[in-house]
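**Q** Here are the chains, one letter per residue:
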Amino acid sequence: MTTSQDIVREVVIAAPPEAVFPYFIDPDKMIVWKAVDATLDPRPGGIFRIDVTGHDVARGQYVEIDPPHRVVFTFGWESEDSPLPVGGSTVEITLVPEGDGTRVRLVHSGVPAEIRAGSSGGWDHYLPRLAAAAEGRDPGPDEWADAR
Amino acid sequence: METALKAIAEPRRQEILRLVWSQERTAGDIASHFDVSRPAISKHLRVLREADLVGERRNGTQRLYRARTDSVLELRRFLETFWDESLLVIKEAAESDPKGGRR
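Respectively, the protein sequence lines represent chains U and E.
Counting along the first sequence from 1, when you hit position 140 you're at 140 in this note's numbering, and nothing is skipped either side.
Counting along the second sequence from 1, when you hit position 90 you're at 90 in this note's numbering, and nothing is skipped either side.
Quick list of in silico lysine to aspartate or glutamate cross-link-like pairs, DMTMM-like style, CA-CA up to 25 angstroms:
1) E:Lys-43 to E:Glu-15
2) E:Lys-43 to E:Glu-74
3) E:Lys-43 to U:Asp-28
4) E:Lys-43 to U:Glu-114
5) E:Lys-43 to U:Asp-37
6) E:Lys-6 to U:Asp-146
7) E:Lys-6 to E:Asp-52
8) E:Lys-43 to E:Glu-2
9) E:Lys-6 to E:Asp-84
10) E:Lys-43 to U:Asp-51
11) E:Lys-6 to E:Glu-24
12) E:Lys-6 to E:Asp-70
13) E:Lys-43 to U:Glu-143
14) E:Lys-43 to E:Glu-56
15) E:Lys-43 to U:Asp-146
16) E:Lys-6 to E:Glu-50
17) E:Lys-43 to U:Asp-81
18) E:Lys-6 to E:Glu-74
19) E:Lys-43 to U:Glu-80
20) E:Lys-6 to E:Glu-80
21) E:Lys-6 to E:Asp-35
22) E:Lys-43 to E:Asp-29
23) E:Lys-6 to E:Glu-85
24) E:Lys-6 to U:Glu-143
25) E:Lys-43 to U:Asp-138
26) E:Lys-91 to E:Glu-80
27) E:Lys-43 to E:Glu-24
28) E:Lys-43 to E:Asp-70
29) E:Lys-43 to U:Glu-78
30) E:Lys-43 to E:Glu-10
31) E:Lys-43 to U:Asp-124
32) E:Lys-6 to E:Glu-56
Calculated directly from the structure, the hints in this document are not laboratory data.
When you get a sec, could you build the whole thing from the sequences and use the hints?
**A** As structure tokens, then:
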């Protein structure tokens, strides 16, 4: 169930769910679209830690993993001054086959109202990078991240 | 100088500079003033750091930012040279004018 408080994004990627799903659980694939460094323990209860830019570390816990259909994880920023602390929000990713591709539906719940626009913008920045990577195109270096 | 001018040209970076002008702030504090994501703010802070307009200090897991006012002063001095030159032109024009006034 979603509410108007949730961030909801949908994107259709020209690759099957089997090709998209690993980008949420494989660190080597995660760093292509959303991180400069990633440590992932992809099992229910497993912790992940991703350094998104070299300055912003996100941490969370995988809640549900059902390859290649669905992955649910908690999400928050590690820094103590963040309005979105570790464990503070939940991201549900659902992958549904559509033609030869995949409809990716993202529901991010629990994000405080004052940073919801920012978080939405974050996904709008990263989801096209996911699409590029899963489709076999190079998303290139993330302009938000420190140079590697 | 070019790096600093480019850095300061972006409206959000001008706003960040104002926020950290007289007060050291964390990235989270700075980000809370904007409708953009935290990583996007990190990018702006990086550009400001690389231009030496903002300094970064670590305190435990936090990073604190503050304007490098001396660097901004350099920028101001650079811009002021244009006025110095304009004044020189006026001075020379005035001195070369035998009547000593505008015609």
